[in-house]
Structure formats: C-alpha cells, structure tokens
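Asks: Chains as they are written, first to last, in the working numbering: chain A, 128 to 1017; chain B, -16 to 103.
The set of hints was computed from the structure by calculation and includes no laboratory data.
Any given hint could turn out to be false.
[Claimed, not checked] Label-pair distances were calculated between CB atoms; the ranges are:
hint : chain 1 : residue 1 : chain 2 : residue 2 : range
1    : A       : 564       : B       : 42        : 48 to 58 Å
2    : B       : 56        : A       : 904       : 47 to 57 Å
3    : A       : 138       : B       : 42        : 29 to 39 Å
4    : A       : 142       : B       : 13        : 19 to 29 Å
[To be verified] Partial list, derived from the structure: chain B residues whose beta carbon lies under 7 Å from chain A:
hint : residue
5    : -7
6    : 9
7    : 24
8    : 25
9    : 26
10   : 27
11   : 29
12   : 51
13   : 52
14   : 53
15   : 55
16   : 58
Backbone N, C-alpha and C fix where the C-beta goes; we use that ideal spot for every residue, glycine too.
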Amino acid sequence: MSHRPPHLPRWLIRLCLSRQSAEVILGDLDEEFHVERIPREGRLRAHLWYWRQAVASLAAGTSAPRQNTHWLRSMAGDARIALRTARKHPGFTLTAALTLGLGIASSTIVFSVVHAVLLRPLPYRSSEALTLIWQRLATTEANRRPMPAVDIMDLERRTTLFEGFAAVQRPTWATVSGTDAPQHITMARASVDLFRLLGVDAAVGRAFDQRDQPNGGDAVLTVLLSYELWQRVYGGDSTIVNRGVQVNGQSAIVVGVLPRQFRLVLPPDVGMPETIDAWIPMSLESTRGVRETQRLRDQDSDDTGAVVARLRSGATLTAAQTQLDAAAAHLRETVPFYREAGLRLLVFPMHTDVTAHARPVLTALMGAVILVLLIACANVANLMLSRAAYRRREMALRAALGATRTRLMTHLIAEASVIGVAGGLLGVGLAAFATDLFATYRPAWLPAGQTVSLNTTVLGFAAGVTGIAVVAFGLPPAWQARSTGNGIHVRGGPERRGGMRMGLVAAEIALSTALLIGAGLLLRTATRLAAVDPGFDATGVLVFDLTLRNTDRYRGPAARSALVRDLEARLRDLPGVAHAGLVSRPPLSGRLWTTEYGRPGQAFPQWPGNEANFRMITGAFFDALRIPLLAGQTFGPAHDRQDRRFAIIDRAMADRLGLDTAAVGEPVGFPVDGERVWGEIVGVVENVRYESLTGGVRETIYVPYRHEASRDISFVVRTDVSDPTVLAGRIRHAVTSLDPALPVHGLRPLAVDVRQATAPMRFTLVALSTFAVAALLLAAIGLYGVVSFNTARRRHELGVRIALGAGRTAVIVMVVRQYATVAIVGIAGGLLAAAVFGNVLRSLLFQVAPADPATMAVVSGLIFAVALLASFLPARRASLVDPVTALRPD
Amino acid sequence: MAAALGEFEQLILLAVVRLADNAYGVRIRQEIETRTGRAVSPGAIYTALDRLETRSLVRSRMGTATPERGGRRKKYYTVEPKGAAALQRAMRAMAQMAEGVEPRLAALRARTFPAPERGR
C-alpha cells in the first residue's frame, strides 16, 4: 500500500468520536480509500474525498445527541452557532483569520528552524553523551584551539569517564578515479573510532574499525565513501565495496558507504565543509613526531580540526572536566612546551558547541515573530471588541432571556476559537510551504544536524500558539461581556469610550517600534559591512581550486612549482586576463590556515601567542587582487632559491613586530613541518581580511609557493572584461591542455565568497525586516480600524460640533491629536522594549550600538508619521459628514 | 406503536436488506450512492444505524479485520423482525399514498419547470 490516507482527519476523528465509532468509520474510510478511490481517481482526488468524508462524518457524529456528555453537547452547539456567525460575516472572519494566520505562520516557521537546530539532538546515537575537547593555552588569546591528535593517547590513559576519543583532521582535496574522468573531491582523515563513537553504521559495507588502523608501511589504504559520492560517481553500485579505487593516484580499498546525508557537524570556526566526499583513517602514531618537536602546530604535520569524545553512561560533564584537568596537569609536567604555555583542556557538549553561533540569530528571530504574533492578536482582539460593541444589544437580550454570564462568555470564546482554528490552519498551511522552501534553500551557515520540517513537535507548537492566541484575543471581549446583563443595553444605552482598544493600539505601536528598531539596526550594520574594506578588490576576479595530490606526477615541491609556473603563464596569456596568481587559501573562502610565529629574541613558548594567517603565494597574487605593496618588493624568481627562506608580511604584523615599514630585511620565525625556520622579510603589504569581514584583522605571513608547495591550491584571475564568467571555458581549457587529469574545481567569481561571508547577517536582516514591515502594517491597520470605528460612533457628537460652528480642520485636529497621544505612549514603550531587545541583537551588529540614537530617532519618526496618517484618514472622512444626516436619529 | 421511520432510515434499512450477508459501512454507503445518487458520509450512516439499533430494528456483529482497513474490523448489520415490520409498514404507507399520483406529479412538474433541460 504505497499511499497512506491523510493523517490530520484521522486524528480528528479519533479525537472527537467515541473509540468504537472512530474505529469503524476509519476502517470504512481506509477501505474505500485504498480499494476504490486511489485506483480510480488518483492521489489528489482520493485525499480530497477522504477529507470531505471525514469532515462530514465528524459533523454527523458530533451533532448526534446520543452518547455525547452534557458539556460536549453544549460546546458542539456553541461551535455550530459560532460557525454560523463566522459565515454570516465573511469579511470580519477573513480579516481576523488572515491576520492571525500570518502571525501563527511566522512563529511556526521560525520555531521549526529553532527546533531543528537548537532543540533536536544531533543525528547520532545517544548524541547527548557526545562532547568536543579543546585546549586553551595561557599564552594565546583564543578561547580554545584544536587539541593535537597526539595528546589523545595521554587522555586515553589518564581518564576513565570517556568511552573513547576520535580526532578529525581538516579536509584536503583529492582526486578519485570515477567511471570516466578523475573527480575532484573533498576528503578528510579521521580516527578509526570516529564512526563507532558517533554510532553511525555504514549504509553499505562497513564503517572503519581497528582493521583500518594504519600501522605505517605496507598496509593497504582503506576509504569510506559518502552516500552522495557513491551515487554521483559510482552510480550507487554496491559491488564497489572491497573493490580498489585510485585515490590521488594511489590504490585504496573501499570498505563501505556512509548513510545518506551523513554529516559531521562541527563548529564553523573548525573550517569543516558540510560535505565530505570520502574519509580515510588516521593514525595517532604518525603524529608522534610532532610531540618530540615540542608540539609545534603547523598544518602539514597535524591538522586536527576537532576531537570528538563520548562520555560513558552516567558520567557528568563536571566529573569529566575534573579528569581532563588532571590529564592536563600531567601533560604540563611531561611536556615542557605545555608547562610554559600553560595548557588547559576543556570539554563542551557537542550540541551546544556546534550550534552556539546560530543561537543569537535564531533568538532574535524568535523574539521578532513573537512580537508579530502579539501584534496580530492585539489586532484581532480589537476587531472583536469593536464588534462586541455593536452586539451589546444581542448580548443583553440573551442575558435577559436567561443566559448566564458563563454561558455568554463560553459563547464568545467559541467564536474566538472558530477564528483561532481558521487562523491556525491557515498559518500551518503557510508554514508548510515555507519550511519546504527552507529545507531546499537552507542557509549554509546553519548547522546541518537535522532537517527543518513540520513534525509533530512543530505542529504541537503551532497548536499551542493558536490556543494561547485564542485566549489572548478572545478574553478581552469575553471579559467585557461579563458586565453585560443589567438590562439597560437592550434599548441601546450609552457605551464606554473603549479604553481597552486604545490600550491595545498603544501596545501594538510599542511592539512594532521595538521590532522596527531591530530591523533598523541590522540595516545600519549591513551598510557598515558593505563599507568594510576587505583589503582586496574582488570585482572582475575569478577563482578556482586545484589539487595536485596525484603522487606520480607531482611528487615534490619542484614538480608542483613547475606546473604552477606553466599554468600561470598560460592563464596570463589568455585574452581578457590581466593577472593570474596563486594562493594556498583565498580570502573569505572559509578555509583557514594559521600558524604561530616568532620574532628574534622571543622565547619559543611565547610563539603560540602570535597567530598569523599562513599563505603560500606567487608574486602575481598581489596584482590579481590589487593588494597594495607598502614597502620592499613582491616575490620573484630570485626568492625561489632553496638555501634561504623569504617572507612578506602585512601591515598588521609589521605593527605587531613594532617595525612598521622598517620590517624589510628583518627576520621572522615560523614553523615548517614541526621545525622552526627563519625567513627574511622582503616586503610589507596592506592588510587583507581572510577570515571574516566583521572580526578583527589577523596578521598574515606570506611565503613563496616554491618553498612549501602545498598540494591544495587556488588561482585568482583578474580579468578586464565586464562579465568575467565568460572566460570560464578558456580557463578550463588552459588547465586541461596542461594536464587532462587535473579537474578544475569550484570556478567562481571571488565576489561570491565575499557575499557568502555576510550571509548570516543578510539572512537575519531580510527575515527581520520582513517581520518588522508586517508588524508596522498590522499596527497601522489596527490603528486605522480603531480610529474609523470610534469616529463613526462619534458621528453624532462631531455633527453637533460642526453644526455649532466648529471648522472641519478643527475637528480633524481634535481627533488626530487624541490618537497622537496614544502613538507617543506606544513609541515610548517601544523605545524601552528596544533597549532590552537590542541586547539580543548585540552579537549580530557591527559598528552599531544596540541603543543607536539615530536608528531610534528615525524609527520613532516613521512610526509617528504612520500613526498620524492612519488616524488622519478616518478623521477627515468623519469631518466631511453632513451635520443634518449626523444629527438625524439612527 | 413505535415511531415512524424517517426517509434516511428507510434508505439504510433497504440497503441492509439488499446487501444481505454483506451489509457493512462501505457497502451500505455505496449501495445508497449508486442507487439514489446521494452521497452520504460514513458518520451519518453509523449515527442512523446506532439509532436503529437502540430501537432494536437492526442488530450488529463485528466481523474480521482486513489489511486494506488498516487492520480494523468490519461491523455487519442485519435487520431484526421488528425492523422488517417497520420498513414494510412504511413502504406500504408510501405505496398507498403514491398510488395514481405519478401522472399528476408529472403534470405539476411540467408547469413549474416548463423547460427542465435548460435548467432553472
């Protein structure tokens, strides 16, 4: 049975009917659905049929007096009357349901994201026991840094509360043999225990185990494929398991395929891309060399991105931290470097750690949608209050005929519930649409743990929100109805001024002021960000990636350097290309590489206190990105010589060294393969923002490509054509004409990476602005409605005033002034609320204070203007009334 | 004398009689729908059947569960002697009242709706 009947109607039937009737009715519906409707009418019509039958059955079943209890009967009666009332006033019902639906939709959408990212556990077995372990050195400013994998062996000996530890290295690029052309992939190295600790089994074959532990020498390399790579390159062929493939020109055995959509979710500062195409095992032994050279960290010897550990059941985080403290103390005793650098080890719950960066954005958005929902509720409450004023006679009549107060209130609450249910269904429908979109276009910076969907919890949230909303907007009219019943209203006596409505309008204005200030702050942030000088000019620049990991062809720096020289020349000769240069990791690409460095006279343990971006480049890199050279010279062929090392530093590092442009000719120390080397500074360039546009500028050290000759490289190509992408084909051809086995990867305008760097902020800005504009509109509609209603009721009074000689302008001014006061009260409240709301946004703002006076002034002015306009329009209409008509009794 | 049967109740009783051993929700519904063109919901049918059962006009028994019903059991109905009598009474009353009326109905109808094929 491939098609399943819709869930919601089944659930409703079970909820509303007795167990016995529900079972028989559902049985009948299911049978006919499967046997008749699906084969004859298709899926859509069958579903429609099911819904229609279910609703009709509900109506028939609940109205049958037979087995319903008394309160249920009276409620069903109330609901029927309420439904009839709703149908009789379609305009009112539609406005109220739509307003409420928008509020419920926005809060449901944001909650579905919050639920997927912050509330649901990570998609691993008993993931609450998973932790990440970091180190902190007293000599560095960073809160935490990856722990070298080599230290895991100490932790395994000195702790008892962990089931195990697994290191994951930052991925590299690789080529694998595909069905035809070699494929460029992203490959990561991890401890063989990683998948056991996560509790992830292979979809095909097996995950890594002890057999895969590399013990140096002749053992065969084993590789684990991602499901997506398996599908894309090997066509989902399960005989791939135990077969040999070529990885970087070396043969390897595929042991298994990971489950579909398996992701290792790590904090973004680890620099782990979302998709890893293949995994290879990593050995702790091989990192032992690093320990002997006093744990210098550089990327080729130990590129550990993170260490994952699983707590034993029953172990607490605090107890685990105590054991890590003891282990750190032991490491400080045995490793001089750690003693001098003041090592600490820290354990964090994995879920908290990987979602920390998304928390501020989501908190801000959740706050925003709650405000929108409140405004929507206030609007609907206002609508209901206004209508209640018209229905005073009806209520009084009901009371006079013997309806108790409780009965009247239940009746009004039933009316509110009908609107609530309509709004709720509308909201969930809209949210379903939006979450589908969101699942497809998920912003890349959101942790990829769980997919965003409308699951039971989210639907429960929507139902809860609807329930609370019904109380929020249903209670004020019901509360007012409580005082009805002394009989005088039957004749249509005097009415109160509607202070409650005014209060609601003031609250709406306050809420939208707060929200609009939030959006305004982000807008200012966006303009500030756009004005940030990244230190390079990305316009007209293309970037692409290459990996030279095929060991046969590009063994050793000399071979790789030769290829790079040839390729650079070919690229430069292309028509439309002005400059072409190489860089090991381009700016704002999300791929980090930092190194410690030292200056003469600085004790070695102090080095980790200096952390710089490390980039291998060719001299043309600076030309391609238009990075100004401040002093000295750029790299040329003279700097390729092997007996000496050279470096170019940026202004930030020159300042740090206290040398300014006099740095040229001075030495700077940095580690290479675990050894300290000294390079001569040959030039100073302007600062470049490699990591982010918002943070501080980290100093950068550049070395000639020829010296280290990293195997993962990127080329930046400056073009002098208006649309650089037209050169894509020529660039690909230039590469393949040199080596057909070199796949060009990720060819893109550099501007794409720059845009990506501001994505979270822009996402929040767009979302928050949408909600803020919606809030302002709702508030304006609310105010307009209240003013229209009140002036309509004061027609008589205004007519008298005009008849007695008051000018129309005077009447307008009188009415508008009254509401201006309400607006001012609301705006004042909103400014106050913004002071609180602003702090939620603090971490998203850039060069803008949460209490930015300019933003507050502009927003206050805007809201005031909107409020004046919303009250002016109905006031003017009221002033145009003919006194004779106005004075005529109704 | 017991209360007279409503029109819908008569339709249901007739369907149960026609279906003999196979009278359960889906079949009853389809029988009424195909013969009268009237769409009725399962809820309405069971409401009426429950009412008839409390008046001892029909009797029900639970049948076997089937996979296409999601493992739920069928509820079969049979007409009790009292139900048969009531139905017979109702049908006879109707037949006696209807005797010879048909031509006059046709004539009346033609006057009210002179051109039924063009609609109202």
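Asks: Which numbered hints are broken by the structure, listed smallest first?
Replies: Violated: hint 5 alone.
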